[in-house]
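Colleague: The primary structure of each chain is shown beneath.
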Amino acid sequence: MRIDALDQENVRSPFQRALRIVLRDKTGLIGVFLFGTVLFCAVFAAYIVPHSPIEQNLRISRQPPGWHEAGDWEYPLGTDNLGRDMLSRIIYGSRVSLTVGFFGVLIAMSIGMLLGLVAGYLGGTIDNVIMGVANLFLAIPYLLLVVVVAAVLGRSLINVILIFGFTNAPLFVRITRGEVLRIRKSGYVESAVSLGAKPGRIIFGHILPNLIGPLLTVATFEMSGMIFYEAGLGFLGLSVPPGIPSWGNMLAAGRQYIQFSPWIAAFPGLAIVFTSLGMNLLGDWLRDVLDPRMRRSAS
Amino acid sequence: MQRYLFTRVIQSGLLMLGVLVITFFMVRLTGDPARTMVPRDASPERVEQMRVAMGFDDPLIIQFARYVGGAVRGDFGQSLHYRAPSMRLVLERVPATIQLTLAALGFALLFSVPLGIIGGSRPGTIWDTLARGFGLLGQTVPNFWLALMLIVVFSVELRWFPTFGRSGFASVVLPAVALGFFPLGQFTRLIRSAVLEVRSEDYIRTAYSKGIEEWQVLSRHIFRNVSITLVSILGVQFGYMLGGSIYIESIFAWPGIGRMINEAVQARDFPLVQAIAVFSAGFVVVLNLLTDIAYALIDPRIRYED
Amino acid sequence: MTGDTVLQVRNLAVEFDSIDGTVHAVNNVSFDLKRGQTLGVVGESGSGKSVSMMSLLRLIAEPPGKITSGSAVFLPRNGEPVDLLQLPKRWLARIRGDRIGFVFQDPMSSLNPLMTVGEQIAESVRKHTELQGSVCRDRAVELLEHVGIPGAAERYNNYPHQFSGGMRQRVMIAIAIACNPDIIIADEPTTALDVTVQAEIVDRMQKLTKELSISVIWISHDLGVVAGIADVLMVMYGGSVVERGEISRVYSHPRHPYTIGLLGALPKLGAAQKRLVNIGGSPPSLFSPPRQCAFAARCPWVFDRCKAERPPLFFATGSHSEDPSAHGHVTACFYDLEKDRRRDPDETGIDVTAFEVGQQG
Ligand SMILES: Nc1ncnc2c1ncn2[C@@H]1O[C@H](COP(=O)(O)OP(=O)(O)OP(=O)(O)O)[C@@H](O)[C@H]1O
Ligand SMILES: [Mg+2]
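Protein chains in written order, with this note's numbering: chain A, 1 to 299; chain B, 1 to 306; chain C, 1 to 361.
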């Protein structure tokens, strides 16, 4: 008995394990911090901006950042070509990015899970058709598809969200279907069915709980990707209308002044790097914590 | 092997048919393609004119048959903007894009292969941190922004490279770096984790037990196995770079198909857009087919099947 | 011929750092291996058989593994004695595969799938001999013939997946004997094979090693197999050696409760046993540092001392020799099973370090 007691002292508890994973990978904490900052900016933009993000003032156009000798700390990151405060616009820009990312992933995940469940559960022809279409979308260069569709549909926030929502569904289809097949193969669905369980119970009781980990992880990476691509569309003048302060629109404007006023393009880009760095670190960390099956390849 | 090849070719054919369907409907998403293909402020007469000229008033099935019929002959109609056969215009631009893409690929491999291998074989060291760092940066730095920053530093400030154009070696450096940065990160991540994984295989332990020294185990045993994974994603990365070239070629005024897409989209020249899309997709499909064949050739387990 | 020592392991300890805590995989393992002799190592899964033998050639993953103490003095046929655990990696590489060969458990995964089997044998030959090019290839073909691969010359260019499990294991044996080593460490070489193939592999190993007078460390789960081939038996439990001695003696007079349980599970010998022990309970946790007898929780003879200190090795009564390196029969138990009583607290265990061979530093 004494041996068992001794063992207890030397084996780490689940809580200690989780803590160890967090501490071993301090990058996860950095991810939480970076993403938290962006989220805070997006939610409280109206209260924290020093200036109006849209009010133009041509007398102070293209003013360098505060630390520059020609700069003014009134506009810490300088002003753009129309004299608007860069900092305020970047803070507001996070709203567009996070909105697109959040709703884009929500739509992609909903479609993907639905089709993935159907494909995995019914199998046969329906499965082949769904997976065929999903693979088809992966064959066309993604950016090309997005650019063309955005150009056809025209500039609006809703369009951008819909485009990302639909074009990113295939990945979620794959993950969901894979999980359904794995669980079906493991046999306990068969035994649950033979015991009279209804499909709904199997889906919500067995399949969805197993999906949460992988889906959440992928959702983080996908959201980061959408923020990235939204800015890219904006850069080409194909995302939200030009009046809305978004990082992509700001970059597009800054591109013209790159030679003499590089900060106009530099800061929105840094904001993108900051955000996607945070989300990628967060995603890596989530994968470590939520999905033990993937842990080996991660560390 | 032959059967495998056969099924892969059939699959690729089906995929191309799917691509035609998507590109056909892509320009009809709003329900009124004629409206889509004229400037926003065009008069109703102009729209009607376009509708007749493009045959948009025919039944959809006829339009589709016409589209597919043209596509198999490589005919995507006249470019609205350039008033020349679309496919010919695309083919004229291809060499520039291939050159840029290969340069970007070369840049990515040049750095990612050593970085990934050293990082993967020395987990926990500074090299590993560096490999992981580049893997992460590749995913988080947008190439269009990187391109602008490269111009600021290396063209405007240091004047080492030209800001735009395609003239000689110096002009390809900045676009290649900007375009190759994302694959650089992807390759580094992939190679690093592949090395980590292969390193713990039983046969690597066998190699060490034979007295083979570390660098030989790396070059003879690990790298051979890792190169398989590398080949398998080349096709996908090429597809990505074709997309990325839309930004990079526009920024550097590189006369390839990426820049042409941007121009065509801005000019609402959708026949040209369709030609580019089908060509690019076809390129990626063929490339994936080739990498799969290469994969099968490297891996004896597949090579000797049936 | 049996008499001089080729390998002398003292107080070997290995730990693994894992997310659940430190695993004390091997604790204080000592043994000697004589030239031409076969040492059988048995013990249940997780008892540290593989880790202890692989760490002799530093083939465990470091990190998370770490050899925390001990020495392993190797005395080659011609050459100076060396401590394998102190050797720089480059020198170790000259011993691995040349003086000490390895045969691993799973022939399916132990060969590189992307390299021809011939090339994998030739690689070792090329590394350790002067042979080059086609001569090296001829030697590899010869080795393939030697381990009984029909049509060796054509088979040279085959890939592992074109071989059956038994044939792959023969390739592994060919790699192990390629340079005529002093020692072969065979880690459960037959476990993954069909029963019929098992016997074939055992025979071949025995024939080859006797022919070349190679010492063998044969790790196994299967006491039946070991009984047929080993000269000396070493029983491991929870990362420690619990009993060791000449095989006939250990089989007829087991002196550790775990060994008795183990032999009890062997039908043939079970009848001869006076007191059958059914090994109940689960394997010991290796997370705690070794402060008590690892077998205490499952032992029918357990008493308070077993839980308070770790038993050292004692000579079994009736051991023909009082020299552990000469394979006197030893057991790590506070209960003297021969006399059926607890050992006196002042009966001292064996200080293995006192039995030194050679003049190594
Ligand atoms: N890389 C590792 N990380 C953590 N623990 C390890 C590692 N390798 C081995 N161990 C631990 O060391 C202990 C001994 O393992 P070992 O492989 O030597 O057992 P074994 O006696 O060979 O068993 P088997 O008969 O199953 O081969 C086990 O408890 C195992 O969990
Ligand atoms: Mg083992």
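Honestly, I wouldn't trust all of these hints.
[As the list claims (entries may be wrong)] Examples of chain B residues lying across from chain C (beta carbon under 10 angstroms, computed): (1) L80; (2) H81; (3) R83; (4) P123; (5) D128; (6) R132; (7) S200; (8) A207; (9) I228; (10) D292; (11) A296.
[As the list claims (entries may be wrong)] Far from chain C, by Cβ distances over 10 angstroms, these chain B residues were calculated: (12) I10; (13) F24; (14) G106; (15) G124; (16) L137; (17) L158; (18) S171; (19) E201; (20) D202; (21) R205; (22) L234; (23) I298; (24) P300.
[Unchecked claim] Covered, in the sense of this in silico footprint (three residues per stretch, anywhere, with C-beta under 8 angstroms from a C-beta of chain A), are these stretches of chain B: (25) 47 to 61; (26) 92 to 103; (27) 179 to 190.
It should be emphasised that the hints constitute simulated quantities derived from the structure, not laboratory data.
Backbone N, C-alpha and C define an ideal beta-carbon position, used for all residues, glycine too.
Colleague: Quick one, is the A207 (chain B) hint okay against chain C at 10 angstroms, beta carbons?
Modeller: 7 angstroms, holds
Colleague: For G106 (chain B), is the shortest CB-to-CB distance to chain C above 10 angstroms, so the non-interface label stands?
Modeller: Answer for G106 (chain B): holds, closest chain C Cβ roughly 25 angstroms.
Colleague: Do three or more residues of the stretch 47 to 61 of chain B come closer than 8 angstroms to chain A, measuring C-beta to C-beta?
Modeller: violated (count 0)
Colleague: Verify the coverage statement for the stretch 179 to 190 of chain B against chain A, using a C-beta to C-beta distance below 8 angstroms and requiring 3 or more qualifying residues.
Modeller: violated (count 0)
Colleague: Would you check whether R132 (chain B) satisfies its interface hint, that is, whether its CB is within less than 10 angstroms of any CB in chain C?
Modeller: Status violated, d = 17 angstroms.
Colleague: Per the stated criterion, does the least C-beta distance between L158 (chain B) and chain C lie above 10 angstroms, as a non-interface residue requires?
Modeller: The assertion about L158 (chain B) holds, with a minimum of 44 angstroms to chain C.
Colleague: Any Cβ of chain C at or closer than 10 angstroms to L137 (chain B), or is the non-interface label fine?
Modeller: 27 angstroms, holds
Colleague: For the hint on A296 (chain B), just tell me whether its beta-carbon gets within less than 10 angstroms of chain C.
Modeller: 13 angstroms, violated
Colleague: Is the claim that F24 (chain B) lies outside the interface with chain C correct, judged by CB distances over 10 angstroms?
Modeller: 43 angstroms, holds
Colleague: Count residues of the stretch 92 to 103 of chain B with a Cβ under 8 angstroms from any Cβ of chain A, then say if the count reaches three.
Modeller: Not satisfied, violated; 0 residues make the cut.
Colleague: Over 10 angstroms from every CB of chain C: does S171 (chain B) meet that, or does the non-interface label fail?
Modeller: It holds; S171 (chain B) is separated from chain C by about 40 angstroms at its closest Cβ, greater than 10 angstroms.
Colleague: Please verify that hint: P123 (chain B), Cβ, nearest Cβ of chain C, below 10 angstroms or not.
Modeller: This hint holds: P123 (chain B) lies near chain C, its Cβ roughly 9 angstroms from the closest one there, short of 10 angstroms.
Hint compliance for this structure: hints 1, 2, 3, 5, 6, 10, 11, 15, 19, 20, 21, 23, 24, 25, 26 and 27 are broken, all remaining hints hold.
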